[in-house]
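**Q** Each chain is listed here by its residues.
2 protein chains.
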Amino acid sequence: MTTAAHPFVERNRDRLLQELMDFLRIPSISTLPEHKGDVRRAAQFVAAALRDARLENIEIIETARHPLVYADWLHAPGKPTVLCYGHYDVQPPDPLELWESPPFEPSIRGGNLYARGAADDKGQMYMHIKAVQALMELHAGKLPVNVKFLIEGEEEVGGESISKYVPANQDKLRADVALVSDTALYADGIPTLCVGLRGLVYTEIEAAGPARDLHSGLYGGAAPNAVYGLIELLAKAKDSNGRIRIPGLYDRVQAPAPEEKASWASLPFDQDAFLHHEVGATALTGEAEFSVLERIWARPTLEVHGIAGGFTAAGAKTVIPAKATAKVSLRLVPDQDPEQIIRAYRDWVAANTPAGIRTEVKVLSSSPGVLVNPAQPAIQIAAKAFSDILGRPTVFTRSGGSIPIVGEFAQHLKIPTILMGFGLPDDGLHSPNEKYRISNYYSGILTIAHFFERYGSAS
Amino acid sequence: MTTAAHPFVERNRDRLLQELMDFLRIPSISTLPEHKGDVRRAAQFVAAALRDARLENIEIIETARHPLVYADWLHAPGKPTVLCYGHYDVQPPDPLELWESPPFEPSIRGGNLYARGAADDKGQMYMHIKAVQALMELHAGKLPVNVKFLIEGEEEVGGESISKYVPANQDKLRADVALVSDTALYADGIPTLCVGLRGLVYTEIEAAGPARDLHSGLYGGAAPNAVYGLIELLAKAKDSNGRIRIPGLYDRVQAPAPEEKASWASLPFDQDAFLHHEVGATALTGEAEFSVLERIWARPTLEVHGIAGGFTAAGAKTVIPAKATAKVSLRLVPDQDPEQIIRAYRDWVAANTPAGIRTEVKVLSSSPGVLVNPAQPAIQIAAKAFSDILGRPTVFTRSGGSIPIVGEFAQHLKIPTILMGFGLPDDGLHSPNEKYRISNYYSGILTIAHFFERYGSAS
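Which chain is which? The protein sequence lines are A and B, in order. Heads up: the first sequence at position 332 corresponds to 331 in numbering that gives the first Met the number 0, and the numbers run straight through without jumps. Heads up: the second sequence at position 101 corresponds to 100 in numbering that gives the first Met the number 0, and the numbers run straight through without jumps.
If we strip away everything but chain A, and leave its shape as in the complex, we get (with noise of 0.2 Å):
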């Protein structure tokens, strides 16, 4: 099967690649100050690539933060609207040193093109506007649905100014359903649609012990260590399999459909593959009494992302720390409340802190886990035009991600959202030496414009 927009891709290859390696070039990094001025650049190319499309009505919308980008087609009529979601900031390419190529200089190797944001989620976002483009140079300015762009920058930092304007702006992106891409296929060459994502609580602690740093001979044995006791508060946070100790935490915490585990069971997951090329360690951890997809994808964890306190610097300096800070996420599934997952972790710590240390928690965001019902039209009809193109059934997996707009669509725009990813289990997101496969980037957008050829000679 294909679609109208082959020749498209056939004879634009190299332009599509081109312009992406371009794109990879600003280091549009949400979280660091230094990069807001790239970050704004990186809305200005998203802005001037929707022109590019054809798109109408393009928007680069002012926030507290970073700008989100709009752009909107709507002749149509009587057809659905798509509403296309994605971001153009990048992760922290830290630690730069291990690093083939510069994280900011793409990179062709293999097949494969290296850069931070190649996979997540410049070059999936970007194929939702080629895959537009395509389809109106083919049909003289016309496309077979109405589309909405809504591109934000602080995906990668908690979505903040997009999570105050979806509920604000309800009529303006008022859709049938909302299409991300995002996630990734479950192994090379199988469509993939993802239908469960985790939440997020992302959280700072800073602790406190002695007013300044302390000589540890002068004090050891009697005066309290900040980074000790950060230490002791955190080790208890999950006993030596995983379960996270914090009481009311797995309250609301629902076990997978029986039909959804036996699907689970029957995908070719290499556990060995797993251990040895993706996570690369001595062993897996973990709940035991899970599967592993299970773990990833519908178990709530709690991780220490980062820890620092003292000294650190080459050599020995004997302090005892006066402060230490860790930054601490805890990924939720479908049904728990951020909030009341919130409140029992800020009583957790209250309660667990060790003698002499103050603790002081902040949060930096949080957002619910997901479901999407696959038996959606939209959805239904995604998966026929991802198995068309890629000549396999769609599978349906989750995600143990966190992609936070889809809670938000579907809470105000009441709408579903097909998660329809092209990135590869080895991509390296958040990793140094992200990659994003260059054939999935070209049928990406093959199997976009198709979803919205079959989407608008459905109805």
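Hints are not guaranteed to be accurate.
[As the list claims (entries may be wrong)] Here are the computed lysine-lysine pairs in the DSBU-like style, where the Cα-Cα straight-line distance is at most 30 Å:
(1) B/Lys322 - A/Lys35
(2) B/Lys322 - B/Lys235
(3) B/Lys322 - A/Lys361
(4) B/Lys235 - A/Lys235
(5) B/Lys35 - B/Lys322
(6) B/Lys361 - A/Lys322
(7) A/Lys322 - A/Lys361
(8) B/Lys35 - A/Lys235
(9) A/Lys235 - B/Lys361
(10) A/Lys78 - A/Lys322
Hints in this document: simulated from the structure, not taken from any laboratory.
Chain B: place on chain A using the hints.
**A** Then chain B, alone, in the frame of chain A:
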């Protein structure tokens, strides 16, 4: 009671202070490779000061790392020989933002001289040189005792070079007693000799989990986290009462003699002031069944001096970190054998490293604890000289800090060490805003000169 050095100190008050400030301006941070040249400059400064004091046979002795400085004056036949030891290197000044004046721009406030190294140990070792200079001036180039100086630049990084030099140069360094000023008065105005020191084993633990930083959404729940693994390991090192859980660690720990404990109980120790004015935390911690002085002077401790791993910049990054490191030390009490402790510690790390994590231990330095018998004649003479100058009876204390050279002198030169320090408990050694009380700088010069006088005339 007075000393012949009084007029010298009175006449040279300003000059003595300016010279010390010049010395403190040299950032001789021995642990940081970028300050290697500064450490050498400090050695040259010391050599020049020894020359000004009319000492002889001055040498800057090259070592594998930072130079030693030697000098002597041996023209008092029949009189005892004092080996004066000190160190001209300093701790790193970070965290810099907590200093009220820059660490290497000495600043006088409230009768104190603020600078890194003011008390530890530049301000104190310089007193030895000035005491010699005072007596030389007053006695036409003669001293009441023979003196040798051996001053190092690696005290803050484990003292490896001097610990090789001393056993290889036993004849050259032969003396009757060593004199070290690197400790504190028990309280301002109380003459204090320290007769016990803790030893130190300083280590670094590196933990590795996944091969690269992983996305915590996609892998969280099944992949090991190097930061969390290190947290789990370190949290097992002590119970909530501060007792170290490393098997065998307490095997050779001796309680202080009843008389020593009784004398400590008679010291004016104000636990509230210690907590609020020195430590500045909400509570003291550690082994509740021991007094605070016993905890810091006569009990082993384990401290984490610093920890680093994962994402620690501003904002949010959802990684499962691949690596983490911690600086961990053990303070040892006399009779504990550093080699046995290192073996026990390594075994404990290996046995307690969580699944999926690999750990590596590096030992940066090690030294045993030391006890000096206060009944030694030289110690008794020092106690009298101290009382003479400060006008109160001398007290005998221990310090929880470590001065490894004291053990080396005992082992290789078979001499006791007089630990005659003039710091104060709140001097902030190793902390921001380290200071040295200027009046104690002057009374230190007088006391040391007077000790030389008394020691010379006693024999």
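**Q** If a hint holds in the structure, say so; if it does not, say that too.
**A** Hints and how they fare:
1. Pair hint B/Lys322 plus A/Lys35 holds up; C-alpha atoms about 29 Å apart against a cutoff of 30 Å.
2. Restraint check: the Cα-Cα separation between B/Lys322 and B/Lys235 comes to about 19 Å, which is no more than 30 Å; the hinted pair holds.
3. Of the pairs offered as hints, the one joining B/Lys322 and A/Lys361 holds, with about 24 Å between alpha carbons and a cut-off of 30 Å not exceeded.
4. A threshold of 30 Å between alpha carbons decides the hint, and for B/Lys235 with A/Lys235 the separation of about 11 Å falls inside it, so the pair holds.
5. The straight-line distance between the Cα atoms of B/Lys35 and B/Lys322 is roughly 29 Å, inside the 30 Å bound, and the hint therefore holds.
6. This hinted pair checks out: B/Lys361 and A/Lys322 have alpha carbons roughly 24 Å apart, not beyond 30 Å.
7. About 15 Å separates the Cα atoms of A/Lys322 and A/Lys361, which keeps this hinted pair within 30 Å; it holds.
8. Straight-line distance between C-alpha atoms of B/Lys35 and A/Lys235 comes to about 43 Å, which puts the hinted pair past the 30 Å bound.
9. Simply put, A/Lys235 and B/Lys361 have alpha-carbon atoms about 27 Å apart, close enough for the 30 Å limit, and the pair holds.
10. Under the criterion of a C-alpha separation no larger than 30 Å, the hint pairing A/Lys78 with A/Lys322 is inconsistent with the structure, at around 59 Å.
Hints 8 and 10, counting from the list given before, are not met by this structure.
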